[in-house]
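Here the protein sequences line up with chains D and W, keeping their order.
Each residue of the first sequence is one higher than the one before, counting from 523 in our numbering.
Each residue of the second sequence is one higher than the one before, counting from 523 in our numbering.
Misleading hints may appear alongside valid ones.
A pair holds if it fits inside one copy or across any two, identical chains being indistinguishable in the list.
[As the list claims (entries may be wrong)] In silico DSS-like links for lysine-lysine, alpha-carbon gap of 27 Å or less:
#1 622 / 580
#2 633 / 546
#3 589 / 546
#4 537 / 718
#5 633 / 559
#6 580 / 859
#7 625 / 537
#8 622 / 546
#9 559 / 546
#10 589 / 633
#11 589 / 953
#12 961 / 692
#13 738 / 622
#14 633 / 859
#15 633 / 738
If you're looking for bench data, these hints aren't it; they were derived computationally from the structure.
Each chain, letter by letter, is given below.
Number of protein chains: 2
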Amino acid sequence: MSSTHSNEKQNCLSKRGNNIVTFKDDVILEAYMLWLKNPYDPESNPQGIINMNISENKTVGDILLPKLNEGIEITEEMLYYGDLTGRDYFRQAMADFLTKYFKASPRPVRKEELIGLCGASSIISIMGNAICDPEEYLLVPSPYYGTFASDLLFMSEARLVPVNLTSEIKEPNFEPFQLTVPALERALQQAVSQGKRVKGFLFSNPANPSGSYFSKQMIKDYLDFAHRHELHIIFDEIYYLSNHAPDADIISVLSMINELPDPERTHFIWAFSKDFASSGLRAGILWTQNSMLRAAVGACSRFSGISPPTQKQLTNMITDYDWLDNVYFPTMRRRLKESYEIVRQTLDELGIRYVIPKAGLFVWVDLIEFMPSVDLEGERKLWLSILENGVGTAPGYAFYCCERGWYRIIFALPVADVTLAMERFKNYLLKIRNLENRKLSVQERISTQ
Amino acid sequence: MSSTHSNEKQNCLSKRGNNIVTFKDDVILEAYMLWLKNPYDPESNPQGIINMNISENKTVGDILLPKLNEGIEITEEMLYYGDLTGRDYFRQAMADFLTKYFKASPRPVRKEELIGLCGASSIISIMGNAICDPEEYLLVPSPYYGTFASDLLFMSEARLVPVNLTSEIKEPNFEPFQLTVPALERALQQAVSQGKRVKGFLFSNPANPSGSYFSKQMIKDYLDFAHRHELHIIFDEIYYLSNHAPDADIISVLSMINELPDPERTHFIWAFSKDFASSGLRAGILWTQNSMLRAAVGACSRFSGISPPTQKQLTNMITDYDWLDNVYFPTMRRRLKESYEIVRQTLDELGIRYVIPKAGLFVWVDLIEFMPSVDLEGERKLWLSILENGVGTAPGYAFYCCERGWYRIIFALPVADVTLAMERFKNYLLKIRNLENRKLSVQERISTQ
Numbered sequence: 523m524s525s526t527h528s529n530e531k532q533n534c535l536s537k538r539g540n541n542i543v544t545f546k547d548d549v550i551l552e553a554y555m556l557w558l559k560n561p562y563d564p565e566s567n568p569q570g571i572i573n574m575n576i577s578e579n580k581t582v583g584d585i586l587l588p589k590l591n592e593g594i595e596i597t598e599e600m601l602y603y604g605d606l607t608g609r610d611y612f613r614q615a616m617a618d619f620l621t622k623y624f625k626a627s628p629r630p631v632r633k634e635e636l637i638g639l640c641g642a643s644s645i646i647s648i649m650g651n652a653i654c655d656p657e658e659y660l661l662v663p664s665p666y667y668g669t670f671a672s673d674l675l676f677m678s679e680a681r682l683v684p685v686n687l688t689s690e691i692k693e694p695n696f697e698p699f700q701l702t703v704p705a706l707e708r709a710l711q712q713a714v715s716q717g718k719r720v721k722g723f724l725f726s727n728p729a730n731p732s733g734s735y736f737s738k739q740m741i742k743d744y745l746d747f748a749h750r751h752e753l754h755i756i757f758d759e760i761y762y763l764s765n766h767a768p769d770a771d772i773i774s775v776l777s778m779i780n781e782l783p784d785p786e787r788t789h790f791i792w793a794f795s796k797d798f799a800s801s802g803l804r805a806g807i808l809w810t811q812n813s814m815l816r817a818a819v820g821a822c823s824r825f826s827g828i829s830p831p832t833q834k835q836l837t838n839m840i841t842d843y844d845w846l847d848n849v850y851f852p853t854m855r856r857r858l859k860e861s862y863e864i865v866r867q868t869l870d871e872l873g874i875r876y877v878i879p880k881a882g883l884f885v886w887v888d889l890i891e892f893m894p895s896v897d898l899e900g901e902r903k904l905w906l907s908i909l910e911n912g913v914g915t916a917p918g919y920a921f922y923c924c925e926r927g928w929y930r931i932i933f934a935l936p937v938a939d940v941t942l943a944m945e946r947f948k949n950y951l952l953k954i955r956n957l958e959n960r961k962l963s964v965q966e967r968i969s970t971q
Numbered sequence: 523m524s525s526t527h528s529n530e531k532q533n534c535l536s537k538r539g540n541n542i543v544t545f546k547d548d549v550i551l552e553a554y555m556l557w558l559k560n561p562y563d564p565e566s567n568p569q570g571i572i573n574m575n576i577s578e579n580k581t582v583g584d585i586l587l588p589k590l591n592e593g594i595e596i597t598e599e600m601l602y603y604g605d606l607t608g609r610d611y612f613r614q615a616m617a618d619f620l621t622k623y624f625k626a627s628p629r630p631v632r633k634e635e636l637i638g639l640c641g642a643s644s645i646i647s648i649m650g651n652a653i654c655d656p657e658e659y660l661l662v663p664s665p666y667y668g669t670f671a672s673d674l675l676f677m678s679e680a681r682l683v684p685v686n687l688t689s690e691i692k693e694p695n696f697e698p699f700q701l702t703v704p705a706l707e708r709a710l711q712q713a714v715s716q717g718k719r720v721k722g723f724l725f726s727n728p729a730n731p732s733g734s735y736f737s738k739q740m741i742k743d744y745l746d747f748a749h750r751h752e753l754h755i756i757f758d759e760i761y762y763l764s765n766h767a768p769d770a771d772i773i774s775v776l777s778m779i780n781e782l783p784d785p786e787r788t789h790f791i792w793a794f795s796k797d798f799a800s801s802g803l804r805a806g807i808l809w810t811q812n813s814m815l816r817a818a819v820g821a822c823s824r825f826s827g828i829s830p831p832t833q834k835q836l837t838n839m840i841t842d843y844d845w846l847d848n849v850y851f852p853t854m855r856r857r858l859k860e861s862y863e864i865v866r867q868t869l870d871e872l873g874i875r876y877v878i879p880k881a882g883l884f885v886w887v888d889l890i891e892f893m894p895s896v897d898l899e900g901e902r903k904l905w906l907s908i909l910e911n912g913v914g915t916a917p918g919y920a921f922y923c924c925e926r927g928w929y930r931i932i933f934a935l936p937v938a939d940v941t942l943a944m945e946r947f948k949n950y951l952l953k954i955r956n957l958e959n960r961k962l963s964v965q966e967r968i969s970t971q
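The shape of chain D in the complex, shown without the other chains (with noise of 0.2 Å):
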């Protein structure tokens, strides 16, 4: 009966709409929901859950609050819909912000390419749509940020091809699941020749969850892959200015205007969520020479305008330069080095094997001798274990990656929180420890089952 009236209300929906609520891939959200259930706090939950599992910067409220709240007042103007692709004074600051900090070059950043919709998200779907029709393709390097795939799936039914990167270092120099044009090249015909239709090649850099980034001559052999399979490139810099490595030096894609060789399928993401610490705020900007994608993702800015006092209270974050050079940034780096170290130096009293970041706010880490099987099934109940031990870390498989035995611990929480969570893990991981496990190929170590 119960199963009866739950079909009818299934059949209420439209088919993607079924898909929506059948989704099961999320697994950050899932890791977010069994968090939610006791969540740790030192003073009323002292046993709950420390969250390591979200990607937010949870290390700098303090010194934010006061400036988003600086003389801060809705006007008249505010209450009107003005244009829905971002005030102009916002689009204006967000310009100079992005010239001076991703060091655009050799030209500023123009308002005018500019769109600010809500959020990092609502840019890759309402992108999504405008670039593919239903059932086409972007690839992605995997493992990557999971939400991807739901950003692109679930208004727009737009879907990925993972570019399926591995820990092994193939050459010197080479970094342990570094994105390839010959990887590239091999997804790209593997997926044509399966009859997908291949519209564009989404990646972030920094690269999520692993912490790297990528050296300039790597972004234009990339380019040159897209431009000459005339493929859209999305440069995701969410965590662009989260570059606590003090020897990091990234680069935007920003300060190659005028390399770019294909400009008109040459685009570029970013938001407050993550190197302000403000995913609440709802607030990201698209860059793009293409006016006609323009036109087409601002039509639906209606959808997902940014509220036009949260664009005043960024605006004047974003021009107080000084606050920004001597305050925010450095402060910001310094405690999120403080709570990598913090997670660092127990690994390496672990001896566990990680991925050095040089930006964002998480560490990729290698848990296979932890695993009691080497599987998607062992890597779930690690993943379980651990946060049944107090820590929320996430899955390698939350980040479609094809090797198993990989998970990501997001450290920008307060030193003290750091400091109990990596107690637990290191706790917890000495008791299960099956060191076997590490002689395994990187072959033995894929695994989709």
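Knowing the structure of chain D, use the given hints to seat chain W on it.
Using the frame of chain D, we list chain W on its own:
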């Protein structure tokens, strides 16, 4: 050469992306862009166009702003994702507000039944996606709020079947453009016979552009019609509280919660845009008892979340019942009435026919006798010539009206602006009157050419 270049750009977008860019039906937007070139300002541009096109209430900023600015502070919880379907305090405040002011009966609205998204357009787009697959249809009584078409088309590729209504008075107590069940049945049968898959019925109550509303019996009839055909029925009540006519007794579907023949397919939309003159703040609400639909729409909330500081400000406003009851609603309605009276007097002086509005920010007027020709071209020409004479209205075809000669005039402007606009309107129209057109029958006025 430029044409080739333009084609290249076009080919870089998806089919639907190109459809968005080439979508030409948004006459309200066209009117807005024309107005933007020469906007009236009493000081700096006294000869400019007075905007009676965009449906915004510009009479209450002075009382809204102090309230919205009361004790606003961004707090740390607002910085993080949290529940993107609306903060708990916001949905609770909305539930209480809807219960009180929309006279929810026989039980209160529950916060669990609500999803907050950044505007009614977002809700229609995302709900359209969850109810319709591409190329599926919703019925809509025509004339209708023209933007419904692109709200449904751009991201969701859902479409509308118009239920064409005219000014013909068919029986005593019949109102012009009155929606009847036989008209719904005819439109549905015709659509089905053309192979169209119709999934629901969307309509505005109070109606836009006519400013009429529906009796309880009529609403029951529509509910029964929808139930009989297993159609979703979506009540857009975005003008419900802008009921400036003293005798208006508008029935919200929320007042009939236990009389819904098909609760799973009955949905309600409202937003702050009109009744709180805050289209810029991007905040709307969906009420539905269908948990599957809530799940599908909620999963898309990250594309269209409301900024939490805005949620907080709105919460502060809608929980101050004393201010609402004694300041805001009486003032807002009195000012709407005052501004409407100026338009009404002018129309009466000119002997122009109109639908007496009970609610909303507009009056729907019959300017047939001023048109150079009784067809689309004539309707457009008159609209543009009134615009050239300093008054921006919206022609009937912006609302997909099948009967030529109707125009929507927004009167929700300060008294001085409305007075000046009506002087211009009167002076111009008196010059071009052709009373012969009055003799045309409704049949002679129906045209899509």
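Evaluated hints:
| no. | hint | in the structure |
| --- | --- | --- |
| 1 | 622 / 580 | within (25 Å within a copy, 38 Å between copies) |
| 2 | 633 / 546 | between (39 Å within a copy, 25 Å between copies) |
| 3 | 589 / 546 | neither (39 Å within a copy, 43 Å between copies) |
| 4 | 537 / 718 | both (21 Å within a copy, 16 Å between copies) |
| 5 | 633 / 559 | between (44 Å within a copy, 20 Å between copies) |
| 6 | 580 / 859 | within (13 Å within a copy, 50 Å between copies) |
| 7 | 625 / 537 | neither (45 Å within a copy, 35 Å between copies) |
| 8 | 622 / 546 | neither (41 Å within a copy, 38 Å between copies) |
| 9 | 559 / 546 | within (19 Å within a copy, 49 Å between copies) |
| 10 | 589 / 633 | within (24 Å within a copy, 32 Å between copies) |
| 11 | 589 / 953 | neither (46 Å within a copy, 58 Å between copies) |
| 12 | 961 / 692 | within (18 Å within a copy, 86 Å between copies) |
| 13 | 738 / 622 | within (18 Å within a copy, 60 Å between copies) |
| 14 | 633 / 859 | neither (33 Å within a copy, 41 Å between copies) |
| 15 | 633 / 738 | within (25 Å within a copy, 51 Å between copies) |
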